[in-house]
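S.K.: In case you want the letters, here they are:
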Amino acid sequence: MTSTTDIDTLLKRPTPQDVVGAIFAYSGLETFPSDREKLHRFMRETKQGEGAELLEPFVFSEGVDIYPFSRLLESVLMQLQLGGWLSAKNPEYNRFGLTKPVRDDIKQKVSGRFSLEQLSILEGIGKRFRDFVAVQG
Amino acid sequence: MPKEFEAAIEQFVKSSLGGYNPTTSNRRKAIHDALWGTITLSPAEVALLDCPLLQRLRSIHQTGFAFYVYPSANHSRLEHSIGVLAIATRLIESLNSKKDAALITPPERQQLRLAALLHDCGHGILSHISEYFYEQHHWIRDLKKDPAYEAAKAHELMSYMIVKSKAFGEFFEKIRVKYGGEDKSIGSVDSAKLKEVADLIIARPPSPGKTYLAGIINGPFDADKLDYIARDSYFTGLRLSVDIERLLYALDVAPVKTETGMEQRLVALASASSVLEQILFSKIQLYPALYQHAKVKATDSMLIMFLGYIRDHYGPLKEKTEGQKGKSQILLSTPTDFLGLTDYDLLNPRLYEGDETLQNTIRCLRDRRLWLKALVISSGTVDKNMDNISRLVENDEYRQDILDGLRKEIHSRIPDNLKGTVYDIVVDFPKLAPVREATLQKVVLQPNSEVVSLNSLFPTHDWLQTYVANKWKGHVFCPEHLQREVHDAAIKVLETRLDVKFNSLATELANIR
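Respectively, the protein sequence lines represent chains A and B.
Heads up: the first sequence is residues 28 to 164, going by my numbering.
Heads up: the second sequence is residues 333 to 845, going by my numbering.
Treat the hints with caution; some may be incorrect.
Here are some chain B residues pointing at chain A (derived, C-beta under 10 Å) [stated by the list, open to error]:
1. Lys477
2. Ala480
3. Leu601
4. Ala604
5. Ile662
6. Thr666
7. Gly737
8. Arg768
9. Thr771
10. Ser785
11. His793
12. Asn802
Quick look at which bits of chain B chain A covers, simulated, 3 or more residues with Cβ under 8 Å [claimed, not checked]:
13. 464 to 475
14. 586 to 600
15. 716 to 726
Just so you know, the hints here were simulated from the structure itself, not pulled from any lab data.
Values in this document were obtained by computation on a predicted structure and should not be read as measured data.
Note that the Cβ used here is the ideal one computed from N, Cα and C, for glycine as well.
Taking the hints into account, I'd like the entire structure generated from these sequences.
M.R.: What follows is the structure in structure tokens.
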């Protein structure tokens, strides 16, 4: 039987939602385009580089879809909205938004779930995401 | 491909078809379907439909036990499979009518019709309720780590493996030998072509130049989706509609740029993009109205706990370590265990002789004494951010352990005289309805011959994701006599463990008696 302590320990384990939420929060961006192809490509490239360990649960399809696509990433984007960590910007619905209080809340919450080394990697990926958005528009 | 998994599938197919010989009528058969009218099957297709592997689907409800909420939702996976065959055929005919030379050849047409009939043969008892269990099994989890299988659902993988199995190949060869002389199309489906039938089920085309073939069986507007939206809404009485005639008119094949080059894909003319939106909207509306309707979920929860109890108490591991008070003739340890049963088997109390817990649940199900809501969890009933809740709605490795832990902690707070068992409480955080068709595929053929995604015309994808996130509801369910106590305990446990704060709506919406 799972004990109370076990639940607390399990809840402190980082989830895919924490990984993606942290990347968005560390980017410092107030809004960014919700273009799925670009988001999926960015995450796959990141998985092939510095984010290999953190993005391990995200499996990207090959040869079935028109771009590398992770069902888990797509679900996480909805989870982030459900959890209040991400919002689709009305009325165009083509941008996601995270206010500063939300970004701070995410950073504070995930800080206890990742090691210092992992947090540093996530911060680096967040900055790279900011640069990626700046270039991609 | 895990060897153990392959061996178990082989064993299942052998036990289903071992010693069975295909029926040998030489007559075509007309089947009259409530939705699509008269559907004609060739003698070889009739022989396939008659086999125990497919006849089992007659006793698997398409929408689990949703008929307790929508009394006429008694349609089966077999009816759906025949419906998919009918729609796939209409899609093929529509495409062929638009080209000078037939785009889809008779042998390809035959492969598609076989894939349509077989696409759900891997569904376990109670359809998606049993999938909830076996998709967590390490055989499936390991397989889905492979990018080649990432996109496939658990039951699709099971169907794929069944059709690819040696035992099925041997059985199908008997049909081919019997009918292939006169029926050249069936004669063309040799073992290599049969493997392509299996591939079509998991959206894998026979060649990149023919991706449109896979799109008919498993794609953004495939025959499966068109049938289940129409069938589930028709038999529940929900008034959802998809203008299939207009879709057939607008259907085409066009080159689409992909990562690996150009592929010929199934598309629809831009003038019919509203039909594609209808498909998506209808599919998504089926979730709150049917698949995740609170009473349907309460029934699902009873069944999940019922199956969970059997798995925990009668699995092979437990048998080695614990004595058994009663007995269950059902073992549910591996994904293939869920294939050997039908929904009707499950309700037979004789299978659980001496086990009071199982027999009680069966009596409740038979008499429709369903569980009640003890707590409603949604953005409307929780005042703080729900990030700890949203972290638990997807299949993370530890998700189930956490939900089980919460259930057990709630149970521990129930007074001893009412307690029942830990299997009397469910914390249900359903998955978010999958939305991907509008962005993942380029399906709209513009007048300038460019093919674009539906989302590029209107942000359907983002809009639907917001809709899904806002419509999401979790629940705590339990038997009626525990409702008040479980409600009080659940609020305390979830507020403490998940750092949330419930408002009065959480109680009011649960209709505590």
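S.K.: Next, verify each hint and record whether it holds.
M.R.: Hint by hint, here is what the structure shows:
{"no.": "1", "hint": "Lys477", "in the structure": "holds, 6 Å"}
{"no.": "2", "hint": "Ala480", "in the structure": "holds, 6 Å"}
{"no.": "3", "hint": "Leu601", "in the structure": "violated, 19 Å"}
{"no.": "4", "hint": "Ala604", "in the structure": "violated, 20 Å"}
{"no.": "5", "hint": "Ile662", "in the structure": "violated, 23 Å"}
{"no.": "6", "hint": "Thr666", "in the structure": "violated, 22 Å"}
{"no.": "7", "hint": "Gly737", "in the structure": "holds, 3 Å"}
{"no.": "8", "hint": "Arg768", "in the structure": "holds, 6 Å"}
{"no.": "9", "hint": "Thr771", "in the structure": "holds, 4 Å"}
{"no.": "10", "hint": "Ser785", "in the structure": "holds, 8 Å"}
{"no.": "11", "hint": "His793", "in the structure": "holds, 7 Å"}
{"no.": "12", "hint": "Asn802", "in the structure": "holds, 8 Å"}
{"no.": "13", "hint": "464 to 475", "in the structure": "violated (count 0)"}
{"no.": "14", "hint": "586 to 600", "in the structure": "holds (count 5)"}
{"no.": "15", "hint": "716 to 726", "in the structure": "holds (count 9)"}
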